[in-house]
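Asker: Sequence:
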Amino acid sequence: MKLSPNEIRDITNLLEAGKPLPEKYRFVLFGEKRNVELLWEGKSGAVTDVRLPFQVIEQIDEPRSEIFIQSQLGLFDSASGRQLKGWSNKLIWGDNKFILSSLRSGPVREDIDKNGGIKLVYIDPPFDVGANFTTKIKIGEENFEKEANVLEEVAYRDTWGKGSHSFNSMLYERLILIKNVLSLDGVLCLHCDYRVASVIKSMLDEVFGEDNFINEIIWQGAIGDTSDKNKKFIKSHDTIFIYKNGENYTWNEVFQAYSDTSEKLYNKEDEKGRYQLISVDNPGGSGYMYDLGFGEKAPSNGYRMPIQTAKKWLESGELIVKKDTVPRRKKYYVGGTRCRDVWTDIGSLQGSETVDYPTQKPTALLERIITSLSNENDIVADFFCGSGTTASVAEKLGRKWITTDLGKFSIHTTKKRLIQVQRDLKKENKNWRAFELLNLGKYERGMLIASHTGLESDKYIDQIQAIKDKQFERLILNAYGASELKGDSLFVGSKNNRLIAIGPLNLPVTRVFVETIVKESQLIKSTKVDVLAFEYEMGLFPNIQDEARKLGVDLSFKYIPRDIFDKRAVETGQVKFHEVAYIEVKSHVKSNSLVIELIDYSVGYQQDSISSAEKDLNKAGSKVVIENGQVIKLEKNKEGIFTRTILTKHWSDWIDYWSIDWDFSNRKEIISVKNKSTNELETLWTGDFIFENEWQSFRTRKDRRIELKSIDKEFSDGIKKIAVKVVDIFGNDTMKIVEVKVGK
22 MKLSPNEIRD ITNLLEAGKP LPEKYRFVLF GEKRNVELLW EGKSGAVTDV
72 RLPFQVIEQI DEPRSEIFIQ SQLGLFDSAS GRQLKGWSNK LIWGDNKFIL
122 SSLRSGPVRE DIDKNGGIKL VYIDPPFDVG ANFTTKIKIG EENFEKEANV
172 LEEVAYRDTW GKGSHSFNSM LYERLILIKN VLSLDGVLCL HCDYRVASVI
222 KSMLDEVFGE DNFINEIIWQ GAIGDTSDKN KKFIKSHDTI FIYKNGENYT
272 WNEVFQAYSD TSEKLYNKED EKGRYQLISV DNPGGSGYMY DLGFGEKAPS
322 NGYRMPIQTA KKWLESGELI VKKDTVPRRK KYYVGGTRCR DVWTDIGSLQ
372 GSETVDYPTQ KPTALLERII TSLSNENDIV ADFFCGSGTT ASVAEKLGRK
422 WITTDLGKFS IHTTKKRLIQ VQRDLKKENK NWRAFELLNL GKYERGMLIA
472 SHTGLESDKY IDQIQAIKDK QFERLILNAY GASELKGDSL FVGSKNNRLI
522 AIGPLNLPVT RVFVETIVKE SQLIKSTKVD VLAFEYEMGL FPNIQDEARK
572 LGVDLSFKYI PRDIFDKRAV ETGQVKFHEV AYIEVKSHVK SNSLVIELID
622 YSVGYQQDSI SSAEKDLNKA GSKVVIENGQ VIKLEKNKEG IFTRTILTKH
672 WSDWIDYWSI DWDFSNRKEI ISVKNKSTNE LETLWTGDFI FENEWQSFRT
722 RKDRRIELKS IDKEFSDGIK KIAVKVVDIF GNDTMKIVEV KVGK
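Quick note on the working numbering: the sequence shown kicks off at 22 and runs consecutively.
I should point out that these hints are in silico values taken from the structure, not numbers from a laboratory.
As a list, the in silico DSS-like pairs of lysine-lysine whose alpha-carbon atoms are at most 30 Å apart:
1. K607 x K765
2. K491 x K516
3. K657 x K157
4. K640 x K250
5. K491 x K429
6. K654 x K159
7. K659 x K636
8. K644 x K157
9. K157 x K579
10. K734 x K689
11. K657 x K159
12. K491 x K540
13. K437 x K742
14. K657 x K636
15. K734 x K451
16. K516 x K540
17. K762 x K607
18. K654 x K597
Computed from a prediction, not measured in an experiment: that's the story for all the values here.
Working from the sequences, and respecting the hints, build out all of it.
Answerer: Written out as structure tokens, the structure reads:
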């Protein structure tokens with residue numbers, strides 16, 4: 022080691038000042054190999070090590086019958102597939118960083134290990150720096166763009182707040198965590214595009230090792246944007262990197278067609294309803310169009326395909342012909358060529374399978390990945406769930422699955438989609454698995470610092486955060502029209518003889534937070550409290566309100582609107598804090614049978630306002646806003662005249678999904694906690710119950726109708742505790758519990 026006088030001086034000065042040495046001295050002083058390494062501002066090898074418990078919020082055991090409800094044939098079909106026992110698939114709501122960290126140990130990890138470990142992880146992280154969390158929602162014939170809630174905005178800020186630097190830090194930490202939860206014979210598939218592909222490849226080499234690289238898949242899912250006239254080739258592909266976690270991993274050979282273009286077949290229906298088939302292998306030459314039923318032919322641009330071949334494909338089931346769709350040949354069949362690393366035979370998302378989620382990928386893409394890299398009954402995981410394609414395909418292919426997302430709308434979309442998969446499998450007399458909706462850290466998340474990552478605490482950072490939190494509280498109190506209270510209490514303000522508590526900025530209000538509020542209220546003999554928050558954890562209502570009321574505390578829960586960050590909205594008094602949704606149900610009892618009917622649902626949502634929308638519409642056009650719980654379409658004509666149309670004409674227009682647990686006190690919520698004395702895990706009843714989804718009705722993209730009455734359910738005599746859960750069009754859930762006397 023030979024250092025120049027200037028280098029010795031610089032190193033000495035830096036060490037005396039307690040500052041870190043520049044990266045170059047790592048190699049000079051310690052003689053490390055100069056391997057290529059990806060560096061960025063803020064890179065750290067520190068990884069979240071928070072271990073939080075998982076609680077089951079909802080259990081979906083069996084899909085309801087698809088038989089029309091008026092037939093009254095009961096809840097389940099007599100001849101159908103069966104629910105496979107043992108492992109329950111897992112849909113988890115929360116930050117995947119904390120979920121991955123918590124999966125490293127505990128009961129869920131033990132369950133994973135008993136089932137062979139996680140064999141395949143597919144992730145499609147948010148690699149588009151220009152993306153946002155707005156969600157398109159169908160209301161009648163209109164499309165409405167729901168803005169992100171503040172938790173989603175915080176996630177977006179953490180991912181892209183410092184551009185590529187923060188994205189790299191976000192993904193790097195999660196890749197390390199994924200490697201830790203992936204089995205030694207497991208595989209990771211990461212989906213991205215040109216914007217981050219080169220960076221991610223270097224990152225994966227570092228985390229998994231260059232020797233563990235398997236493939237770089239080029240997926241041409243679409244023709245590309247041909248309208249782009251810039252001086253460059255048209256972008257038309259995404260990239261999928263595949264890495265193994267050890268030497269042994271699952272590999273099942275899959276096949277492509279001999280010629281990619283030979284699968285591009287087009288159909289035409291004649292006046293007799295017969296299908297005709299065209300091959301376009303040679304679109305520039307002369308060819309023939311064959312009627313598959315009668316062997317007739319007609320001139321057409323295309324390659325001449327023998328009708329015997331087409332008939333053979335039909336008989337073998339390789340060729341799929343359906344009305345109003347493009348005929349296609351199945352992707353996986355014996356006799357094709359070994360699958361290459363350039364996939365042009367899987368097209369972009371088709372309208373028939375879309376669930377109107379912006380990042381949704383085609384099922385055929387996930388079918389190929391899951392088929393080739395896992396076996397039946399293996400566990401497949403996706404920690405950036407989106408619309409739930411990975412879980413949906415895994416269920417159809419007989420795999421077990423775990424999938425997670427931070428967005429409630431994503432979780433709700435996935436839940437509906439998976440229930441539909443269960444229904445389809447049952448209808449086809451195939452087996453399915455139950456799945457659970459889980460929450461993360463429901464009882465211990467309060468121990469996390471509100472804006473921290475769960476890493477080692479730094480006192481200086483904590484002091485800065487405390488100042489920011491206080492400014493944040495004053496901002497909210499000002500918008501709410503409340504007075505500030507001094508001191509260290511949870512109660513930071515008051516209004517109209519009610520104390521005010523404010524939830525954290527980037528975490529949902531949890532049960533432990535509310536329980537602490539109730540205890541403190543009792544100590545100071547206060548009976549009325551308003552809780553203000555951007556988000557509440559799933560399954561919190563109405564149990565917590567009922568429990569507090571029994572203890573003499575009246576709790577009112579309200580959502581903090583995004584408008585509090587709009588100075589103009591605050592000054593003009595347009596900011597409105599709306600209460601959590603309210604459900605009203607009616608019980609129809611006849612002897613020993615019961616029907617539950619939804620009769621009302623109220624919300625107070627606010628997004629934009631008519632007055633601000635009118636100012637924004639400079640030219641003729643339209644805009645949809647939500648004001649005082651009503652969705653309103655505002656239109657401006659060429660003469661500058663505004664018209665307003667209320668799109669939510671009935672309260673039921675807000676409901677996207679509802680379900681029933683016919684015996685809510687049947688299944689206790691049990692968690693595992695570590696005994697501080699013995700350091701052993703012990704089971705504990707939380708006092709809550711798990712919602713068992715036994716009947717459900719929901720809207721789909723094709724069918725926007727929803728039933729407002731349940732089936733006629735038979736009961737024995739007695740008092741029954743019924744739980745009704747409603748999820749609105751924004752993915753927010755609320756629940757109501759009713760007690761009904763049935764029989765004598």
